[in-house]
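Protein chains: 2
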Amino acid sequence: MGSICRSCNQKDTEMIENRGATWRSVVSLAVLLCIMAQLPHSCCRPPSSHGKPFRDIAEEVAGYKNVAKKIIDLAVYGKAQNRSYEKLAAFTDTIGNRMSGSQNLELAIKYMYNALRQEGLENVHLEPVKVPFWVRGEERAEMLQPRNHTLAILGLGSSIGTPKGGIEAEVLVVESFEELKRRAAEAKGKIIVYNQPFVSYGETVQYRAFGATEAAKIGAVASLIRSITPFSINNPHTGWQDYQEGVPKIPTACLTVEDAQMMTRMAQRGQKIVIRLSMEARNLPDADSFNTVAEITGREHPEQVVLISGHLDSWDVAQGAMDDGGGAVISWEALSLLRDLGLRPRRTLRTVLWTAEEQGGVGAAQYYQLHKVNISNFDLVMESDMGTFRPLGIQFSGTQQARAIMREVMKLLQPINTTALEEHSEGTDINPWMEAGVPGASLHTKDRKYFWFHHSNGDTMSVQEPTEMNLCAAVWATVAYVIADLEEMLPR
Amino acid sequence: MGSICRSCNQKDTEMIENRGATWRSVVSLAVLLCIMAQLPHSCCRPPSSHGKPFRDIAEEVAGYKNVAKKIIDLAVYGKAQNRSYEKLAAFTDTIGNRMSGSQNLELAIKYMYNALRQEGLENVHLEPVKVPFWVRGEERAEMLQPRNHTLAILGLGSSIGTPKGGIEAEVLVVESFEELKRRAAEAKGKIIVYNQPFVSYGETVQYRAFGATEAAKIGAVASLIRSITPFSINNPHTGWQDYQEGVPKIPTACLTVEDAQMMTRMAQRGQKIVIRLSMEARNLPDADSFNTVAEITGREHPEQVVLISGHLDSWDVAQGAMDDGGGAVISWEALSLLRDLGLRPRRTLRTVLWTAEEQGGVGAAQYYQLHKVNISNFDLVMESDMGTFRPLGIQFSGTQQARAIMREVMKLLQPINTTALEEHSEGTDINPWMEAGVPGASLHTKDRKYFWFHHSNGDTMSVQEPTEMNLCAAVWATVAYVIADLEEMLPR
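So the protein sequences, as listed, match chains A and B. Sequential numbering from 1 applies to the first sequence in our numbering. Sequential numbering from 1 applies to the second sequence in our numbering.
Hints may contain errors.
Which copy is meant is left open, because identical chains are indistinguishable; a pair holds if it fits in one copy or across any two.
[What the hints assert, rightly or not] Using 30 Å as the maximum straight-line C-alpha spacing, the simulated DSSO-like pairs for lysine-lysine come out as follows:
1. Lys446 with Lys79
2. Lys164 with Lys188
3. Lys79 with Lys272
4. Lys110 with Lys272
5. Lys52 with Lys70
6. Lys79 with Lys69
7. Lys249 with Lys217
8. Lys69 with Lys52
9. Lys110 with Lys130
10. Lys79 with Lys65
No lab work stands behind these hints, which were simulated from the structure alone.
Excised from the complex, chain A in its bound form (with noise of 0.2 Å):
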């Protein structure tokens, strides 16, 4: 995920995401018209300065050699092999997908809770959250001419449903929002169908998030917007889309890229297209749900903290594995691998898994508002949401000097050949605390199909590897207990 800031090429499509409750607008506005002005992000300045000299702390860091093989060995190649699989499967293949709002998502959270402290995590709790609540309820698009097709849909999240029986009207299809403004005059009580390419997540997910509005400026009863993905074999992909106050509200879903095609080759011989949409789907008041806890308390210094986190919550499609299951369960291994080799920090690691990220950071955001104060013992913040598929390293967001330290850390993964360090950590859920200064680490990995998957029926434990999910633990376990145990905090 992650549309992409010009100057510093940080991705933060969560970002264009996070336009829910009336704060997250402000943040996400903030980091638009960062995006927009080609502004680097508040990663991108220069570094602050730092006590101990570099050359010591390197030296600290090679220091961990051993233990970093000892976290390796356990994960990859031991006792712990294939746990983060194993745990993922069976944590989703009980529960299923996990909505906000949703009984699947509270389930999900009292599996995990119930987990963590079975397996005798430390300060196991729950902190509360008010989350969304859209339900997609029944949904059906039918067309009817030029002749009767079905077309597999997926409502977008926020989205309001049709009158009952349906919206039945002539289509409009365009490639870009160029083109909708051009033939603003043909959309009045249209359907506008968007088949605009595939670029990038972060380019082409402006369509879903902001397609339903700008049909709406000019007219349009509703939108249905080809899924953002590169490849599709007739599979719809769901996602948040934003109203815009002051702008009716229509009912919007995605359509597959086939279907999507097929209307532009239609359109092209000038055939009039009509479709019969019908969508059940409702924002219902906002409702309960928890971030979920657990720690290795620090030794020696238990009020800082290394974060280490993934979200809990999912589409209400499929079983949500690979967003975010995956990066969930091996925030929650790492922290079983560690006490499984007895290794307590100086600092507290503390696991959070997120609830209601998909609407927009909400858990996370909630979170940050809570323990702001506290920020200056915020050593590191962590996500993996990009899936847990071949791990080549981290994306690291903070200042050169802890990117130095961050870099010697690598090394100790070379064993894996896991040393890469990339520039900027992306992740919808430690993004306030990266823009306040916190460095911020994520989960880099071979992610080429990860849209293929994204969002859609196809995120299933298929899509995950054993030996993948192993490496990614190790890696994940490795960098959070080195930073938590070297003498200093990283400097900002």
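Fit chain B to the known structure of chain A by using the hints.
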């Protein structure tokens, strides 16, 4: 498509599927026995003798260099550029899928008949065929235990339906026929879920073809088979299946790779799995259909024929663009190209668009019965039914002498780098002729992803590329024309 003859490496899957009517069973059984006994097909028999010395034929073929260039120029760079793609898009967008017995197939045949006549092709006519008429109806599978989950399924051709209200039963998951046999005592009253790994289409399709019968033999009430594909985005694939006389008929469908894998994991955890399966599938009396024929009549030997073909029918999902709209359309386009260039070969070029291939080459089998009396006049039979992706060359079945001539013909395609001459042609519809010793050719393309889309909702125009289809049409027209225009027929 195609299982493999262990002697000649010829793919023959379609043969396994050729088991509807009695005579078809005989053909299929013979091939099956051949496969099982590892005997060579007729295509592997030693070559017979021929008239004109090879050197002279090679020289004669080389004389077609300019003609081949003209065909290529027209198809790939000239005014016929993208014409195959456009013909196919207009056809499949307008008609949609074309199941044996359906009104859509009737519309498709009329569409093609009119299009071929309007283009001014010769001897355009329809040859009546009785075809199987299986109707899917509504179908639904719900996992009830260990949790509620909707399974994406596609019922299999010839399957019976369930009783009204469906079948609710516990599941036995197996990964092979061997495991099923070993656990036969557990099968009674259960739904068998086959989670066989994908090895090759030819090998693995046996689970789709015979899964229901093997399950019924040991008292199962239904069978659900993992879709026959190496890659899935939660996409079920359909196809033909065979009941065995004397064995109870039970309803059968394919489910997705993902759901089959999940049920294996659940079973391994000792969880009880219960599914409710509901299918309205029905076998109706055979319906009227037609093979569609068009020609460029030969100028010297109009009674001698080079047959070019693809099948017009498809499964009742998606658009049947790849299987086999593309093959049908390039077989039409080959004539169009030659007509545009005013090329009339010595022998007749006959395009046949088969009906009811998917039910076991039914249209083609009836055509063979009707026309085999003239078998000595059939010079070469060609079929494209493995997709019209980037062509590499052709697959050829025939004597060594015929192969040597074909190799010279393929050299004419050097300008578009499609000169490969592979062993052993494949094609359900041309197999009867090849079995009887007529040389056969099939289009060989870069078909790595063919089975990702095959018999599923993924088989749409989106898998087709105009530039690739240009090349396919050029190969098809060049090979057909040159063979039809040589002084002598191919040796047998």
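Intra- versus inter-copy proximity for Lys79 and Lys446 (alpha-carbon distance at most 30 Å): Classified as within: same-chain Cα gap 25 Å, cross-chain 43 Å, threshold 30 Å.
Up to 30 Å CA-CA - Lys70 versus Lys52, copy category: within (27 Å within a copy, 77 Å between copies)
Within, between, both or neither: Lys69, Lys52 at alpha-carbon 30 Å: So Lys69 and Lys52 pass the 30 Å test inside one copy only (26 Å; across, 75 Å).
Intra/inter-copy verdict for Lys249 and Lys217 if alpha-carbon distance must be at most 30 Å: within (10 Å within a copy, 57 Å between copies)
30 Å Cα threshold - placement of Lys69 relative to Lys79: This pair counts as within: shortest intra-copy Cα distance 14 Å, inter-copy 65 Å.
Up to 30 Å CA-CA - Lys130 versus Lys110, copy category: Within. Shortest intra-copy distance 17 Å satisfies the 30 Å Cα cut-off; inter-copy 60 Å does not.
Status of Lys272 relative to Lys79 across identical chains (alpha carbons, at most 30 Å): between (63 Å within a copy, 28 Å between copies)
Intra- versus inter-subunit Cα pairing at 30 Å for Lys110 with Lys272: between (52 Å within a copy, 22 Å between copies)
Lys164 and Lys188: within-copy, between-copy, both or neither at 30 Å Cα: within (21 Å within a copy, 46 Å between copies)
Lys79 and Lys65: within-copy, between-copy, both or neither at 30 Å Cα: For Lys79 and Lys65, the Cα distance is within 30 Å only inside one copy (20 Å; across copies 67 Å).
Figure legend: structure checked against the earlier numbered hints; every hint is met.
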